[in-house]
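Put the complex together from the two separate chains, hints included.
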Amino acid sequence: MGPIVTVLEHQGGELTQASRELLAKARELSDALAAPVTAVAFGPEAAACLAHCGAADGVAVTGGFDTYVPTVWEASLRAVVDELKPGLVLCANTTLGMDLGASLAAQADLAMIAYVCGLDVNEGKLQAVCQVYAGKLMAEVDVPTTGAVLTVLPGSWPAGSESQAETPVRPLSAAAAPGLEPTRLITPEAGDVDITRADILVSVGRGIEDPDNLELAEALAAALGGVVSCSRPVVDAGWLPRTRQVGKSGQTVKPKLYLALGISGAPEHLQGMKDSELIVAINSDPGAPIFDVAHYGATVDILELMPALTEQLEGGG
Amino acid sequence: MRAAVLLKDVPDLVEDLELEESGQALAVDVLSYVPSEWDDQALEEALLLKEDGGGTGPVEVHAIAIDTGDIDAMLFSALAKGADSATKLTGDFDRGLTSRQRARILATYLEGQAFDLVLTGVQAVDDLDGQIAGLLAGYLHWPHASVVRDVAVEDGQVRFVQEYAGGVMGEFRADGPVVLGIQAARKPPRYVPIARIRQIQRTSSLSEVSMERPEDAGHLAVRRLYRPESSSHAAMWDGDVDAVAAAIRALLAEKQLGN
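Chains as they are written, first to last, in numbering that gives the first Met the number 0: chain A, 0 to 316; chain B, 0 to 258.
Some hints here could point you the wrong way.
Claimed, not checked - Some, not all, of what chain B presents toward chain A, calculated at C-beta under 8 Å:
no.: 1; residue: Val33
no.: 2; residue: Ala102
no.: 3; residue: Leu127
no.: 4; residue: Asp128
no.: 5; residue: Arg172
no.: 6; residue: Asp174
no.: 7; residue: Pro192
no.: 8; residue: Ala194
no.: 9; residue: Leu219
no.: 10; residue: Ile247
Source of the hints: derived by calculation from the structure; they are not laboratory data. Where is the CB? At the ideal position from N, CA and C, for every residue including glycine.
So that you can see chain B by itself, here it is in the shape it has in the complex (with noise of 0.2 Å):
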């Protein structure tokens, strides 16, 4: 069985989010990028299939994200967690690409790989314009589930559990290629060192595919970014630990909460 895991970096939340002057797009290129949490999510649930082993064959790992810049130890780090190959798909790409072109530009690489098995993030914290789960099943129309977890292959078929609100879950059986976004991995996504990646950088590869920039189909005239202005705020407590529960305490009294 192939598995594709779809990876892609996006904007480091622990820091500032700066906007360019004309206030409709972040200044991409004074930012810090890290791998979409909810990606690596992905790769683990793939890495963790890999090693439970496939019933009928192995599970192949193939990580693969587009070549936006600044991407090559992201694919590395999956190679020296256990992937089996990292593809970079080149092109006249940015940081400016919206989800729908990075969905085309998926969709059309993956027709002609013969996967079994796509995984990517449920989201990322910058898909305005889509998941890439439902957009690239879309293109593709290939079946798909979002907010997914709980994958395994068992008789060469993949078995999946999606979540429902309320702690409903509902478990599925995939007849073909299908696409999961998936929500979490069952278990944490695992640690590298950074020797371990600067070893594969020296004795691996990364494959390189040209592909074309596709139409920004679904265009999305954003008129403004801006930080949300909250009607309402905590009014917040100083002071040390103790100042703090006491004040907590006070606040119980006087709404008679608590025992």
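Extracted from the complex, chain A is given alone in its bound form (with noise of 0.2 Å):
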């Protein structure tokens, strides 16, 4: 089997969570399926973020860009996969695995498998467990073995630490790409909260049905000493900011309590929350997924629910 790829994000010069874990998968893999791991990162600082990710060997491709540019990356990331012809390519199932994955799939004839949750050895075989049809199915599929592009779910497995040993680094000059010119980078306006920092998050979902039932999480939240915060739903139709997003694009949270009302736990918003230190949910729907990672939960209306609550809070009756 060729070597396996790992596709590498990093931000402020340290590699991401999602990465790390990327990483552990492979030199795990490497052992079992005797293929060496080469990782790839991009940007001025790929070179220090791979210097100690225990890869064989890394490809820091620099040059062209000063942010991601997808068409730039996709071509680099070509020429890579064109040089080495790995058996497998690890990406992250972020916006950039997405961008790259399947294109770079179509492109050099490789199998693509996507929402990868699991990927092991058994008997022999490289199999990857997928989470489809919004977390209701999982698929177990058998991994080609003429090669195939992965994008993972981050959070799959445990991250690993950095590697003692030097991981030897080559250059690459980004390819010339044209078609897509990056015209700003956009970053979320200071002013709101901050909902990483919050020790209490009651988080609404589709359920609250009306911009106006906001005002229940809000008292909700101010009973509880908390923020509110919601997931992707709720920005979608304007009636939160972006700032408040819990999940994949929005922000990862860790409280001490996530109170989750009306959300029925997309993989995208459970990537975000599920490591909160107490998660109870509230939905109608006795089978939502928000249940296989909440510690509590019920199936009353959180239209009720929340005014009810809040008095208690309030009255101590």
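Dropping the structure here:
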């Protein structure tokens, strides 16, 4: 089998948690499949991030860009894949993984396996487990021996620690790839509360039904000494700012209490809150995936529960 | 500017997902299907673009779907919402079509159609073998981006915003044809009354284009589909709202949480 190419992301000079998870699995599979791990990272800090990543070797792609540009990264990764002919390409199921994974698979004629949450060698065969149908079903898939690109859900297995050994890193100039020009990077507006620092989050989802009902969540959060956060549909409806969004394209939070109200628990949301210390979920659907990560739950109407709980907390009744 | 919007339907997750006896595939014949929610977002974003205008000329919106069965209503609904045309790609297709095969069919069709912009959902609940936007762009060798919102056409060029983790976003300008995987439209998908769809069905028609069924390149051998066996499940509180509120309050007191 060809090498295991692991596409790494970094922030502020540090590999992301999802990237360290990919590396841990790649190193484990390297032993089982007798395939070396080649780590690929992009940007001016790539070489430093790869230096102790534990891969057999690293490729630091630099030049031609200051921020992420899908076309440039894709063309550069394609060059690496054409050269190394990997048995596996591992990406995190982030924006970057969704950009690069399927396109690379189509261009390089590799199989593509998305939403991977398990990856192990059984009886000599590499098998992936994937979360499909919004987490309602799992698919167990044989990973083709002819090469495959896998996008892995963050949090699927533990991250590895930094290696003492130095990884030899070679530079690669970014491929020229016209088509998309980055015009600006937009960072979240300051001024709103930082939900990643809150001990208690009262988090609302589709079940809130109407923006007027947010008052109920605000009152409950005030009674608890917490703040209101939300799942993606609430932000998309324009009812709360993006700074309040928990999940894959929002914030990752680990509060002491995460009170999930009317949130079904799509994988993208669970990704951002499943490590909270205490999770209490209220959802009218007893089969909602949120109950698989919650410690306590109930199926009552959240629009009735919020004022009732607020009253009990305020009145001591 | 000509914008294509790629639509598909997917199993309705509100209902139980029945499996074939083999346990390796969904029992597609007994399932209900609904338009993929992210494709709905893509259609809405395209219709908003059309309403915005393209600066140097109108934006045409063309809805396209592969005929895997019962997709006419979805296409007529797109027309009723404001799409300029709706095209059904017909052939020896069924609901077992993989994302890869879909992307190949769509690429073959789109190659000759001179579209400037292709919008589709960022993902679908059943795209185990890859998201359509990326696969399609890979086959077409067009630039593309996923997790996109806020698409605009200015001076004949497409601008869009791509979302990253932590609320960070990047803004891009496309120099030519581009495929975008839409995460969310600027507004919730519009509602169209059934009476309006029926009226459109009487006064409009779908274009039909016959396509070949491609080989299943990148075929995945699914050993089994199964419902997740959760290693844990919430301890559930029974009782009415007041009982649940009391249980939460007691829990918070025990954990010394809250004011």
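Do the numbers back the hint for Val33/B, that is, is its least Cβ distance to chain A under 8 Å?
This hint is violated: Val33/B lies away from chain A, its Cβ roughly 13 Å from the closest one there, beyond 8 Å.
Would you check whether Pro192/B satisfies its interface hint, that is, whether its CB is within less than 8 Å of any CB in chain A?
violated (21 Å)
Taking 8 Å as the limit, does the beta-carbon of Ile247/B come near enough to a beta-carbon in chain A?
Since the shortest Cβ distance to chain A is 6 Å, the answer is holds.
Next item in the hint list is Asp174/B. Is there a CB on chain A closer than 8 Å to its CB?
holds (6 Å)
Please verify that hint: Ala194/B, Cβ, nearest Cβ of chain A, below 8 Å or not.
violated (26 Å)
Holds or violated: is the Cβ of Arg172/B closer than 8 Å to a Cβ in chain A?
Holds, about 5 Å.
Just to be careful: measuring from the Cβ of Leu219/B to every Cβ in chain A, is the smallest value less than 8 Å?
Result: holds, 5 Å to nearest chain A Cβ.
Hinted contact Leu127/B with chain A - closest CB pair below 8 Å
With Cβ-Cβ at 5 Å, under 8 Å, it holds.
Checking hints one by one. Is Ala102/B an interface residue toward chain A, by the C-beta closer than 8 Å rule?
It holds, given that the least Cβ distance between Ala102/B and chain A is near 7 Å, below 8 Å.
Does Asp128/B meet its interface restraint, that is, does its C-beta lie within less than 8 Å of any C-beta in chain A?
Given a least distance of 5 Å, the restraint on Asp128/B holds.
The structure is inconsistent with the numbered hints 1, 7 and 8, although it conforms to all the rest.
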